[in-house]
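**Student:** Line by line, the protein sequences give chains A and B. According to numbering that gives the first Met the number 0, the first sequence is numbered sequentially starting from 0. According to numbering that gives the first Met the number 0, the second sequence is numbered sequentially starting from 0.
Just so you know, the hints here were simulated from the structure itself, not pulled from any lab data. Among the clues, some could well be false.
[Claimed, not checked] Straight-line Cα separation of at most 35 Å, DSBU-like style, residue types lysine-lysine; simulated pairs:
hint: 1; chain 1: B; residue 1: LYS286; chain 2: B; residue 2: LYS212
hint: 2; chain 1: A; residue 1: LYS26; chain 2: B; residue 2: LYS269
hint: 3; chain 1: A; residue 1: LYS30; chain 2: B; residue 2: LYS182
hint: 4; chain 1: B; residue 1: LYS206; chain 2: A; residue 2: LYS37
hint: 5; chain 1: A; residue 1: LYS54; chain 2: B; residue 2: LYS182
hint: 6; chain 1: B; residue 1: LYS179; chain 2: A; residue 2: LYS30
hint: 7; chain 1: A; residue 1: LYS26; chain 2: B; residue 2: LYS179
[As the list claims (entries may be wrong)] Examples of chain A residues toward chain B, derived with CB under 10 Å:
hint: 8; residue: GLU6
hint: 9; residue: GLN13
hint: 10; residue: THR14
hint: 11; residue: ALA16
hint: 12; residue: PHE22
hint: 13; residue: ALA28
hint: 14; residue: LEU33
hint: 15; residue: ALA34
Remember, predicted model here, so these are calculated numbers, not experimental data. All C-beta atoms, glycine included, are put in the ideal place defined by N, C-alpha and C.
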Amino acid sequence: MDLLIPEVGLVVFQTIAFLLLMFVLTKFAWKPVLAAIKERENSIDDALNKAELAKQEMARLTSQNEELMKQARAERDEILKEAKILKDSIVNEAKTSAQTEGAKLIEKARIEIENQKKAALAELKGQVSALSLDIAERVLRSQLDDKAKQQDLVASLLKNVELN
Amino acid sequence: MDCSHVFEFKFRRLIVVFTLFSAFLMVSLGANAQVDTTHKAEVGPGETTEKKKFEIGKFALHHIADSHSWHVIGDTHIGLPIILFANNKVVTFNDNDFHHDNDAKVVVEKDGQRFVKMHEKIYFASAAANEHGQYVDLDEKHHAKNARPLDFSLTKNTCTLLLSVVVLLVVFLSVANSYKKRKGKSPKGLQSWLEPVILFVRDDIAKPNLGHKHERFMPYLLTVFFFIWFNNMLGLVPFLPGGANLTGNIAVTMVLATMTFLITVFNGNKHYWGHIFWMPGVPVPMKIFLMPLELIGIFTKPIALMIRLFANITAGHILVLALICLIFVFNSYWVTAASIPFAMFIGAIELMVAFIQAFIFTILSALFIGMAVEEHH
Numbered sequence: 000m001d002l003l004i005p006e007v008g009l010v011v012f013q014t015i016a017f018l019l020l021m022f023v024l025t026k027f028a029w030k031p032v033l034a035a036i037k038e039r040e041n042s043i044d045d046a047l048n049k050a051e052l053a054k055q056e057m058a059r060l061t062s063q064n065e066e067l068m069k070q071a072r073a074e075r076d077e078i079l080k081e082a083k084i085l086k087d088s089i090v091n092e093a094k095t096s097a098q099t100e101g102a103k104l105i106e107k108a109r110i111e112i113e114n115q116k117k118a119a120l121a122e123l124k125g126q127v128s129a130l131s132l133d134i135a136e137r138v139l140r141s142q143l144d145d146k147a148k149q150q151d152l153v154a155s156l157l158k159n160v161e162l163n
Numbered sequence: 000m001d002c003s004h005v006f007e008f009k010f011r012r013l014i015v016v017f018t019l020f021s022a023f024l025m026v027s028l029g030a031n032a033q034v035d036t037t038h039k040a041e042v043g044p045g046e047t048t049e050k051k052k053f054e055i056g057k058f059a060l061h062h063i064a065d066s067h068s069w070h071v072i073g074d075t076h077i078g079l080p081i082i083l084f085a086n087n088k089v090v091t092f093n094d095n096d097f098h099h100d101n102d103a104k105v106v107v108e109k110d111g112q113r114f115v116k117m118h119e120k121i122y123f124a125s126a127a128a129n130e131h132g133q134y135v136d137l138d139e140k141h142h143a144k145n146a147r148p149l150d151f152s153l154t155k156n157t158c159t160l161l162l163s164v165v166v167l168l169v170v171f172l173s174v175a176n177s178y179k180k181r182k183g184k185s186p187k188g189l190q191s192w193l194e195p196v197i198l199f200v201r202d203d204i205a206k207p208n209l210g211h212k213h214e215r216f217m218p219y220l221l222t223v224f225f226f227i228w229f230n231n232m233l234g235l236v237p238f239l240p241g242g243a244n245l246t247g248n249i250a251v252t253m254v255l256a257t258m259t260f261l262i263t264v265f266n267g268n269k270h271y272w273g274h275i276f277w278m279p280g281v282p283v284p285m286k287i288f289l290m291p292l293e294l295i296g297i298f299t300k301p302i303a304l305m306i307r308l309f310a311n312i313t314a315g316h317i318l319v320l321a322l323i324c325l326i327f328v329f330n331s332y333w334v335t336a337a338s339i340p341f342a343m344f345i346g347a348i349e350l351m352v353a354f355i356q357a358f359i360f361t362i363l364s365a366l367f368i369g370m371a372v373e374e375h376h
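Full structure from sequences and hints, please.
**Tutor:** Here it is, written out as C-alpha cells:
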C-alpha cells in the first residue's frame, strides 16, 4: 500500500528541516527559555525562603520582647515591694520615736509640774507662816500682856503648826 | 493527566450517541449495498452506474496522501515545483506542466527525459501509450511497473513542513525574546500561553522519566512535542495553509521515531546494554533466550512510535472525510443533518487527539531514553 511506503524526498526534507529546527530552537529558544524559567523559579523559592526566615525572626523578636516585658514587670513588682517595706519601717520608726519623744516630754512636764508645785507649796508655807506670825503678833500685841501666857500660846501655836 | 474527570460525564453520553449513529450507518450502508447489487443485476454489465458511484475509499486516500499540487478552492490548484534527480541529472519543472493529469496520460519532456505522473507519483514515461492512453506499463493490479526518478519535489507535505518550521521558529524565537525582555517578571501574551506547555513537557514528561538527566534531552523533547502538536493541528485545518497530512505521513513519523531510536542507542549506558545482551538475575539459558527478544525490542519500540502517530492521525483524517463523504455516498441533503454534527464532533476529538498524540510520542520517547540512561544501584 502506498500509504505505508515512505517517500525518499519527504524523508530527506523532514530530516534536514527537523534537525535545523531543533538546532536553532535549542540555541535561541529552549536554552534561554528554560534558563529564564529556572532562574525565576529559583528567585521565587528564594523569596519564599526569605519570607519564612523573616517570619521566624519576627516570632523570635516577639517572644524576646515578651520575655523582656515579663522581666521588667517582675523587677517593677520587686522594687514596689521593697519600697513598701521601707516605707512601713520608716513609718514604724517614726511612730516609735515620736511615742518615746512624747513620753519623755510628758515626763519632763510632770517633773516640772511637780517641782513647780513643791516650790509653790513651799512659798505658800512661808507666806502662811509669815501671815500667821503677823496675825499672831497683832493678836498678841492687842490681847496679851502677860509674858508667860504669851510664851505658852506661842508654844502651843507652833506645836499645832507642826502637827498640820 | 488529570483531565479525565472533565470529560467523564459528557464523554460517555457522546460515546453512546456515536455508537448508535455508527450502528444506524452500518445498517443503512448494508441496505444501500444490497440495493446497489440488485440494481447492477438489473442493468447487466452496469458499466455506467459503476462509474458514477462515489468511491469513498479512493477519495479519502487521495486526500490524506501527499500531492504535487495544493488545492485552493473549487478547481483551482497551485502547482508545486517538481525537482527530480533522474539519471544523475537534476530536472525541475512545475506540476502545472502535467495539466492536472494524474493518470500517466500527459508526458512532460524535460532535458531529454520524459516523465508521467500517476497517482501523485512521477515515473519515467514509456515509449508508447497502452490501450488506456497511459504512458506506463501496468501490472495485473493496475500498478505502474515503470522506474521512478528520485523525487525531491516540494510537495504539499514538504511545503507544510517548511511552513511549520518557519512558524515554530517565529513563535518560539519571539517567546524567547520576551523572556529576555521581561527578565524575572511574570509571563505575558504568547509567552504566558506557551509557558505552561513548556513546563508540562518539563515537569510531566521529562522529569518523571529522565530524572536529573532531563535537561540534556529537553531540547529534543520540546522540539518534537511542539512539532507534532503544531502539525497535527495544522492538518486539521481543511483549507490552504493546512490540509496536508504531515504527521499522518509515514516518512515524517519514521524520521521522528528514528531520532528517538538514535538518541536511545547513542545514550544507552552499560546497564541498558547489559539488560539487552545478558539479562542479569536470570539463569543462563534464559539469558540466551532473552537476548534476541530484547534485541528485537530495541527496534519495535521506535517502530511502534512511528506506526502509532501515523495511524492515529491518518485514521482521524479518514474518519472526518468519511463522515463528510456520507453526503455524497447517499447523494442526499438530509444526511448533512447527521454527518456534519458528527464530523464536528470527531473534529473536536481530533483536536484533543492532536495534543494527546504529541504527548504520547514525547512521553514514550522520554521513557525509552530514560530506560537507556537510567542508573542502577
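**Student:** With reference to the structure, classify each hint as holding or not holding.
**Tutor:** Here is what the structure says about each hint:
1. A threshold of 35 Å between alpha carbons decides the hint, and for LYS286 of chain B with LYS212 of chain B the separation of about 29 Å falls inside it, so the pair holds.
2. A hinted pair counts as satisfied when its Cα atoms are at most 35 Å apart, and LYS26 of chain A with LYS269 of chain B qualifies at roughly 30 Å.
3. A C-alpha spacing of about 14 Å is found between LYS30 of chain A and LYS182 of chain B, which places the hinted pair at or below 35 Å, so the restraint holds.
4. Between LYS206 of chain B and LYS37 of chain A, the direct Cα distance comes to roughly 14 Å. Compliance with the 35 Å bound is thereby established for this hinted pair.
5. In summary, the hint linking LYS54 of chain A to LYS182 of chain B is supported, as the alpha carbons are separated by about 28 Å, within the 35 Å threshold.
6. Distance restraint check for LYS179 of chain B and LYS30 of chain A: the Cα-Cα separation of roughly 12 Å lies within the 35 Å cut-off, and the hinted pair is therefore satisfied.
7. Between the alpha carbons of LYS26 of chain A and LYS179 of chain B the distance comes to roughly 14 Å, so the proposed pair stays at or under 35 Å and holds.
8. The interface hint given for GLU6 of chain A is met, as the beta carbon of that residue sits about 5 Å from the closest beta carbon of chain B, less than 10 Å.
9. Interface restraint check for GLN13 of chain A: the shortest CB-CB distance to chain B comes to about 4 Å, inside 10 Å, so the restraint holds.
10. Satisfaction of the interface hint for THR14 of chain A is found here, the shortest Cβ-Cβ separation to chain B being roughly 5 Å, below the 10 Å cut-off.
11. At about 5 Å, the closest approach between the beta carbon of ALA16 of chain A and any beta carbon in chain B falls short of 10 Å, and the interface hint on this residue holds.
12. Against a cut-off of 10 Å between C-beta atoms, the interface hint on PHE22 of chain A holds, since the closest Cβ of chain B lies about 9 Å away.
13. A least Cβ separation of about 4 Å between ALA28 of chain A and chain B falls short of the 10 Å threshold, and the interface hint therefore holds.
14. Among the interface hints, the one on LEU33 of chain A holds; its C-beta lies about 6 Å from the nearest C-beta in chain B, closer than the 10 Å criterion.
15. With a least beta-carbon distance of about 9 Å to chain B, the hint placing ALA34 of chain A at the interface is held under the 10 Å criterion.
Consistency with the previously given hints is maintained throughout, with no hint failing.
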